[in-house]
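I would like the entire structure built from these sequences, with the hints used as guidance.
For the sequence shown, the numbering used here assigns the number 1 to the initial residue and increments by one for each residue that follows.
Heads up, a few of these hints could be off.
Per label pair, the in silico range of CB-to-CB distance [claimed, not checked]:
no.: 1; residue 1: Glu59; residue 2: Tyr23; range: 32 to 40 Å
no.: 2; residue 1: Asp63; residue 2: Tyr23; range: 22 to 30 Å
no.: 3; residue 1: Ser79; residue 2: Phe14; range: 28 to 36 Å
no.: 4; residue 1: Glu27; residue 2: Lys65; range: 16 to 24 Å
no.: 5; residue 1: Thr25; residue 2: Asp56; range: 32 to 40 Å
no.: 6; residue 1: Ser20; residue 2: Thr58; range: 32 to 40 Å
Computed list of lysine to any residue pairs in SDA-like fashion (alpha-carbon distance at most 25 Å, straight line) [said to hold, decoys possible]:
no.: 7; residue 1: Lys65; residue 2: Thr25
no.: 8; residue 1: Lys19; residue 2: Ile61
no.: 9; residue 1: Lys18; residue 2: Glu28
no.: 10; residue 1: Lys12; residue 2: Ile49
no.: 11; residue 1: Lys31; residue 2: Ile50
no.: 12; residue 1: Lys26; residue 2: Asp54
no.: 13; residue 1: Lys12; residue 2: Ile50
no.: 14; residue 1: Lys31; residue 2: Thr75
no.: 15; residue 1: Lys26; residue 2: Met39
The hints are simulated quantities; they were obtained by calculation from the structure and are not laboratory data. All values derive from a computational prediction rather than experimental measurement. The beta-carbon is built from N, C-alpha and C at its ideal position, and this holds for glycine as well.
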Amino acid sequence: MFDERLREFLGKDFELLKKSAIYYTKEEKFKILQAIVHMFGGESRGDTIILFFDKDDTETIDDIKSNIESLFNVTVSSSYNEEQKHS
Numbered sequence: 001m002f003d004e005r006l007r008e009f010l011g012k013d014f015e016l017l018k019k020s021a022i023y024y025t026k027e028e029k030f031k032i033l034q035a036i037v038h039m040f041g042g043e044s045r046g047d048t049i050i051l052f053f054d055k056d057d058t059e060t061i062d063d064i065k066s067n068i069e070s071l072f073n074v075t076v077s078s079s080y081n082e083e084q085k086h087s
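This is the structure we're talking about:
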C-alpha cells in the first residue's frame with residue numbers, strides 16, 4: 001500500500017528507491033521527501049516543504065524535524081502560523 005502510494009507520487013523517479021540512500025544527491029533526496037510529504041497532506045513551494053498541523057504541537061513538530069534531518073542530513077526549520085488555523 002505505502003509503496004503504491006509512493007510510486008504514484010514519485011512517478012518515474014520511483015526507481016530512485018532502488019539506490020542505496022548514501023548515494024542520493026541532494027536533489028534526489030528532496031524529490032523523495034516531497035513525495036512523502038505530499039502523501040500525508042503537505043505541500044512544497046520551491047525548496048520549501050510545508051506541513052500543516054491542527055495545533056501548535058511542539059513535541060510532534062520536533063519529532064518530525066528530527067526524523068527528516070537524520071534521514072536526509074538536512075537542516076529543518078519550523079514556524080507556527082496562527083492565521084492558518086482551521087476552525
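The hints, checked one at a time:
1. Glu59 <-> Tyr23: 32 to 40 Å: Taking Cβ atoms as reference, Glu59 and Tyr23 lie about 33 Å apart, which means the hint holds.
2. Asp63 <-> Tyr23: 22 to 30 Å: 27 Å, holds
3. Ser79 <-> Phe14: 28 to 36 Å: At roughly 31 Å between Cβ atoms, Phe14 and Ser79 fall inside 28 to 36 Å, so the hint holds.
4. Glu27 <-> Lys65: 16 to 24 Å: The hint (16 to 24 Å, Cβ to Cβ) holds, given that Glu27 and Lys65 are roughly 21 Å apart.
5. Thr25 <-> Asp56: 32 to 40 Å: Holds, since Thr25 and Asp56 (Cβ atoms, about 34 Å apart) stay within the stated range.
6. Ser20 <-> Thr58: 32 to 40 Å: Distance hint for Ser20, Thr58 holds at roughly 34 Å.
7. Lys65 <-> Thr25: This hinted pair holds, its Cα atoms lying about 20 Å apart.
8. Lys19 <-> Ile61: 29 Å, violated
9. Lys18 <-> Glu28: 12 Å, holds
10. Lys12 <-> Ile49: Given pair Lys12, Ile49 holds - Cα atoms ~21 Å apart, limit 25 Å.
11. Lys31 <-> Ile50: 14 Å, holds
12. Lys26 <-> Asp54: 30 Å, violated
13. Lys12 <-> Ile50: Measuring from Cα to Cα gives roughly 23 Å; hence the hint holds.
14. Lys31 <-> Thr75: It holds: about 16 Å lies between the C-alpha atoms, which stays within 25 Å.
15. Lys26 <-> Met39: 20 Å, holds
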